[in-house]
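Asks: Listed below are the residues making up each chain.
2 protein chains.
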Amino acid sequence: MATPRKQYAVSRPLYSEDAFSQDHHKIDRRRKTPRDHVKDYLTCDSKRAQRALLSLLPVVGWMRLYRLREWLLGDVVSGVSTGLVAIMQGLAFSLMASLPASYGLYTAFFPMLIYFFLGTSRHISVGSFPVLSLMVGDVVTRLVPLNGPPANITGFQGLSPDQQRVLVASSVTFLMGLFQLAMGVLQMGFIVVYLSDTLVSGFTTAAAVHILVSQLKFVLGLVVPGFSGPLSIIYTLEKIFVQITDTNICDLVTSIIIMVVVFIVKEISDRYKSKLPVPIPIEVIVTVIACGVSYGFNFQDTYGVDVVGEMVSGYEAPIAPNMDVFRESATEAFPIAIVGFAVAFSVAKVYSIKHGYAIDGNQELIAFGVSNIFGATFRSFAASTALSRTAIQESSGGKTQVAGLISAMMAMIVTVALAFLLEPLPTSVLGALVIVNLKGMLMQVGQVPFLWRRDRPDCVVWVVTCLAAILLGLDLGLAVGLGIELITVVFRTQFPRCSVLANIVGTDLYRDQKDYACTHEPTGLKIFRIPSPIFFANVEFFREKLIEAVGFNPLRVLRKRNKALRKIKKLLKRKEMPVTENGDVHLFYQQPSKESEDETDVEDLDLDLPADFQDLPVHIDWSAELPAGISVPRVELHSLVLDFAAVSFLDMSAIVGLRTILKEFVRLHVDVYIVSCDAYVLEKLRGCVFFDAEIPTSMFFPTLHDAVLHALGHREDAGGPIHVVSNTKL
Amino acid sequence: MATPRKQYAVSRPLYSEDAFSQDHHKIDRRRKTPRDHVKDYLTCDSKRAQRALLSLLPVVGWMRLYRLREWLLGDVVSGVSTGLVAIMQGLAFSLMASLPASYGLYTAFFPMLIYFFLGTSRHISVGSFPVLSLMVGDVVTRLVPLNGPPANITGFQGLSPDQQRVLVASSVTFLMGLFQLAMGVLQMGFIVVYLSDTLVSGFTTAAAVHILVSQLKFVLGLVVPGFSGPLSIIYTLEKIFVQITDTNICDLVTSIIIMVVVFIVKEISDRYKSKLPVPIPIEVIVTVIACGVSYGFNFQDTYGVDVVGEMVSGYEAPIAPNMDVFRESATEAFPIAIVGFAVAFSVAKVYSIKHGYAIDGNQELIAFGVSNIFGATFRSFAASTALSRTAIQESSGGKTQVAGLISAMMAMIVTVALAFLLEPLPTSVLGALVIVNLKGMLMQVGQVPFLWRRDRPDCVVWVVTCLAAILLGLDLGLAVGLGIELITVVFRTQFPRCSVLANIVGTDLYRDQKDYACTHEPTGLKIFRIPSPIFFANVEFFREKLIEAVGFNPLRVLRKRNKALRKIKKLLKRKEMPVTENGDVHLFYQQPSKESEDETDVEDLDLDLPADFQDLPVHIDWSAELPAGISVPRVELHSLVLDFAAVSFLDMSAIVGLRTILKEFVRLHVDVYIVSCDAYVLEKLRGCVFFDAEIPTSMFFPTLHDAVLHALGHREDAGGPIHVVSNTKL
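These protein sequence lines are chains A and B, in that order. Throughout the first sequence, residue numbering follows our numbering, covering 1 to 730 in sequence. Throughout the second sequence, residue numbering follows our numbering, covering 731 to 1460 in sequence.
Worth flagging that the hints you see were computed from the coordinates, not collected in a lab. Heads up, the beta-carbon is just placed ideally off N, CA and C, and yes, glycines get one too. Take these hints with a grain of salt, some might be off.
[Stated by the list, open to error] Simulated pairs of lysine-lysine, DSSO-like, Cα-Cα distance not exceeding 30 Å:
{"no.": "1", "chain 1": "B", "residue 1": "1414", "chain 2": "A", "residue 2": "6"}
{"no.": "2", "chain 1": "A", "residue 1": "567", "chain 2": "B", "residue 2": "1005"}
{"no.": "3", "chain 1": "B", "residue 1": "1275", "chain 2": "B", "residue 2": "1414"}
{"no.": "4", "chain 1": "A", "residue 1": "567", "chain 2": "B", "residue 2": "1003"}
{"no.": "5", "chain 1": "B", "residue 1": "1299", "chain 2": "A", "residue 2": "275"}
{"no.": "6", "chain 1": "B", "residue 1": "1299", "chain 2": "A", "residue 2": "573"}
{"no.": "7", "chain 1": "B", "residue 1": "1079", "chain 2": "B", "residue 2": "1169"}
{"no.": "8", "chain 1": "B", "residue 1": "1293", "chain 2": "A", "residue 2": "273"}
{"no.": "9", "chain 1": "B", "residue 1": "736", "chain 2": "A", "residue 2": "26"}
{"no.": "10", "chain 1": "A", "residue 1": "573", "chain 2": "B", "residue 2": "1003"}
{"no.": "11", "chain 1": "A", "residue 1": "39", "chain 2": "B", "residue 2": "1244"}
{"no.": "12", "chain 1": "A", "residue 1": "32", "chain 2": "A", "residue 2": "47"}
{"no.": "13", "chain 1": "B", "residue 1": "1079", "chain 2": "B", "residue 2": "1005"}
{"no.": "14", "chain 1": "A", "residue 1": "663", "chain 2": "A", "residue 2": "570"}
{"no.": "15", "chain 1": "A", "residue 1": "570", "chain 2": "B", "residue 2": "1084"}
{"no.": "16", "chain 1": "A", "residue 1": "6", "chain 2": "B", "residue 2": "756"}
[What the hints assert, rightly or not] Just so you have them, the derived chain A footprint on chain B, three or more residues with Cβ under 8 Å:
{"no.": "17", "stretch": "741-755"}
{"no.": "18", "stretch": "921-928"}
{"no.": "19", "stretch": "1244-1256"}
{"no.": "20", "stretch": "1403-1416"}
So here's chain A without its partners, still in its complex pose (with noise of 0.2 Å):
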């Protein structure tokens, strides 16, 4: 699309902003203020109340608009597939979080029944989820080792292990509930900002690997401790390589066979994905196989393999949180609640855009927040989503969260009659499931070198947060890679690239002068781009810089006319500095008494105040040759323009350090212009009281070229003004 070459010719006022404010009324805009805000806020109706009540429970809303023959089917169709998987899975998950495995079951049940009353996305299928059962596990495995006695605990008194297991992954699960409850009344769901795509990239990937070497264990049927804490994936390591030995033959081969043939169907699926109408059920086919198997071959005293082992049939008493547990694993159990809502939070938006609804994070969080206090009264950890079950729910056609009630229903089924049939199958087969379907988390790191030739910093946050999430573990990685994700922001404004820039020949634009040939820098004026905001860590960076563009150094200079100064007066005062008539110091007059060491120490401070030539009956040209044995920089400069126009704002150590320079220069003489600041910068420098005397606001003008023809047109005695004519080339 080659532009068509037109003309562009203007002629207006030159305006600066002051001029422009006279001819151009700006309108009184009235904002509201934080009262009134807060006045909106609390101001209350019958169609607000409704609102707020069909916004709390949004399944009112769907439901009237529930299209029964339709969607019925897809979303029976739906359910029933994810509800396989999610028994599956509930099984595989309580085993990372180191529960006895029918407490999964209980996860893919009672958070759902909350949800699908308060929750706001369609699709996403609620129940547990790797990454947060194995941070649960942590807190588990700390408080309750498999090994050694358990944490000092009121309330683990005459309880059972595994007992006592259950109490604390139900008491965390029930402190993130109420964390989420609470971020989600105070309307804190705006947080998932802060977790881009690349940290939350990093992150999983690590969590990717924290969860591979924890299913080791089941796939070489060793017996590992859990650890906690930084390095413990290390220590887990090491404890599976000094075993390496005891590698049950059966529980390998078994893992190995399944993993190889999951991926390949799995493989093949993917591939065949527009021809098939739901997606092979492989997990659950393998896992039916192996059940029989390891019942009829009855694996587990043949060959030592682990099993699930009983399963509690049917459904326990509800059960009380632990305030000891809270006091211990609060501070886990916050990025437990963060990376809950932020995986449930992302994977529902994926699906509401997709199918063009809305979906609100502050419910969100109450719905979850919810779920997970619920559930944890019934004994089931912590809730979120899981992208592969989502996608089945999805895909196999569920239109609503009835697919997701159905699933549920389907846990419930197996809870209730069906748990003994899980009973033969062997761990093993359950860790080689969870490790095949890493594949997608762990293929992330292919992301790096992408990163890394289009955006530095952005790779440095994925890497960081990556090792930080697998050596510190999850919870203070994630905090790690949140930290290193904010200084980046902070990172790129910190050194930017500033430029002199300069008229190209011809027109109206300015450019970096070093970049094009056909520029035009008229002598003694300067143009310097601030390309980025200012704020307390560059405010030092742009001053050293503009020093550098400029040339000189505007303290020192001021300090040494004002030292030249009063050596001037003193000379007059003892009348030895002849005067020529019109009142100019005599140029080439030798002083005769060698004194230029004699610097007394007057209060040095008035050396940076500006020039005092009252009670001189001389004028001092400074450019001009001055008495010898009194010399002073010379300053060529006589105006300065800053382009402030990507200057998006400033803080307060920005604007007094700007206050410093700006003031350096004026009282040099130097005329200052700052173009194209932005409005609301304009305006937050007049409530910062940046304006005085010497800093008038009639230093703004509107564009770049405004301010050179004014500083030109303003200093005749300069190198002459830009010529501005049309190209010839047209």
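Using the hints provided, position chain B relative to the given structure of chain A.
Replies: Then chain B, alone, in the frame of chain A:
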């Protein structure tokens, strides 16, 4: 200064960025690669070696320029006055660090010996600093509590509690020195920029509160065990109030008298500062008097007053740092190292600007690192500088670190010969002197209302840092403050005020259309200004604001159009829809079969692709009326201009998000233009493969007006071009 009304006239070709670069060839600047930088850095010749040596031993530089006759007297006078204060402070601050008083004298001596050779500041007084003393004291009381057994550390065996404390303090100081040295060698002096003035102010105010509380026990003559960790200040206060009835009246009265006297004399001295040759050494005077009185009336035995007690006379043998203490205190030594350096550097900077010489942050780190390592070996504790002492050194005429050396000698003389004179000094006197000197630090609270009015985020940083440092302790508080400070930077750019711009009639200027009455917005053209960098935390926000500004969701419209297209294709296939001769679909055609609810579920993703007009014999004009039963939202917009002037950077999330939303508009046949994009941002977009057939580089324009003129010229059917004519007012 009224701007004289001049004319602004421009006539040049209309430029897009592409056209501009055709006309103006960009110089191919070779940028230094990281490898070049490394090469430069490693290149070595004799000149560089000499300069490196000089920068490592700044003493060589300034000693050569030393003006013996002029400077020596000032240095000696200043050294003596500073020395007296340094001795006093040394005693007081070593009590603050829970150490016997004589170690404060060591701290006034050893570190200075090294700083003399390595330091770049000529005016700071090196030695103890109250905040550091307190932070060291926290570690000391944690590892060797007043009541209760010391921590389990090898090396404590056979040592008295005081010796254990000295071992802990010197080990922490050694480690702190190591951290500083390492940071200096790694050229990490830039970290001080992250400690903004606001943060430092909030932090030091909190430190003053801690110091005040720590001195209460001396002033009241109570025995209070040291607490450490979060909320320790609450426990300390509780302990003090519980014992308040045991207050030693003699201590209290002495303290109050001293505080009142010193306060009044300081105020007077401040008022007549200009008339006094040196500040009145009131602290030294009251100390001498208090020593005399305490000795004369035998305060210790008569009133049970706590005195400084036996001083170590002379110096002790060097001590090796303890590895166990390193391990226990690593997380505390790091903030101590940072705070020590930050305070010294900021004080040094003030005087270097005042006297016009350069200081080097990295060399200062090295200097303090080595000073502290050396000092720690000789049992002194953490050294930095104190603002009060430095002010005395400079104001009493100190020109170079010769003054510092003389003040160190004073401390040495007292240690070696006169220490016994200080033994009867009540500790309450030292406490009172410390408290009186906190006035300036505590008065910083006055900044809060000022900051609140000027800059809310800065105010939040101050308050959070201060409260966190008070309640959580200084080290954790500093970390929290840094975190909040980084978050505010992100926050400032996260919810910026986007605006829709419109042309100011008769000019080439564009302003927020809500702000001005005399604006013109051409029909079908929107100008959207993005007033901040775009990154992970605000890319979604911009998407929402843009959708709000244009008034429709492009993705939704695209899907509706594609659905309508499918329907039309189906109707055409069944030949049920008459096509007019010129290929248009007949407008008022009544659809025969009611089929609008039949939304068959084809792969949804197809709906997001550009409308596929192939194998369609008709031309569809979306803005004309469509066949009945088919409705698609009307899109009036034909051109969208995004003002990128303030977009100083984009991260990967932003690039991906921007690309998505731009494509959605392009697929609706809206022409998108990006204007005033920074050269480096454009370069980065090229590097990230941002461009393709749908998003060509030709959408970039140098100015808003160029883009608008082009857009209006490009769409003749639109509301006519903007006429920019000379303003008739002239």
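Asks: According to a criterion of three or more residues whose C-beta lies within less than 8 Å of a C-beta of chain A, is the stretch 1403-1416 of chain B covered?
Replies: Per the Cβ count (5), the hint holds.
Asks: Against the 30 Å threshold, does the CA-CA distance of residue 1079(B) and residue 1005(B) hold or violate the hint?
Replies: holds (27 Å)
Asks: Does residue 1299(B) pair with residue 275(A) here, judged by a C-alpha cut-off of 30 Å?
Replies: holds (24 Å)
Asks: Mind taking a look at whether chain A covers the stretch 741-755 of chain B? Criterion is 3 or more residues with CB to CB distance under 8 Å.
Replies: With 12 residues close enough to chain A, the hint holds.
Asks: Can you confirm whether the C-alpha distance between residue 736(B) and residue 26(A) stays at or below 30 Å?
Replies: holds (22 Å)
Asks: Cut-off 8 Å, C-beta pairs, minimum 3 residues; does the coverage of the stretch 1244-1256 of chain B by chain A stand?
Replies: It holds: at least three residues are needed, and the stretch 1244-1256 of chain B offers 5 whose Cβ sits within less than 8 Å of chain A.
Asks: Holds or violated: residue 567(A) with residue 1005(B), Cα cutoff 30 Å?
Replies: holds (24 Å)
Asks: Quickly compare the C-alpha distance for residue 663(A) and residue 570(A) to 30 Å and report which way the hint goes.
Replies: holds (27 Å)
Asks: Would the pair residue 6(A) and residue 756(B) pass a check requiring their Cα atoms to be no farther apart than 30 Å?
Replies: Holds, because 22 Å separates the two Cα atoms, which is no more than 30 Å.
Asks: Would you mind confirming whether the straight-line C-alpha gap from residue 32(A) to residue 47(A) stays at or under 30 Å?
Replies: At roughly 22 Å apart (the allowed maximum being 30 Å), residue 47(A) and residue 32(A) satisfy the hint.
Asks: Given the hinted pair residue 573(A) and residue 1003(B), is their Cα-Cα distance within 30 Å?
Replies: holds (29 Å)
Asks: Assess, step by step, whether the Cα of residue 570(A) is no farther than 30 Å from the Cα of residue 1084(B), and give holds or violated.
Replies: holds (24 Å)
Hint compliance for this structure: hint 6 is the single one not met.
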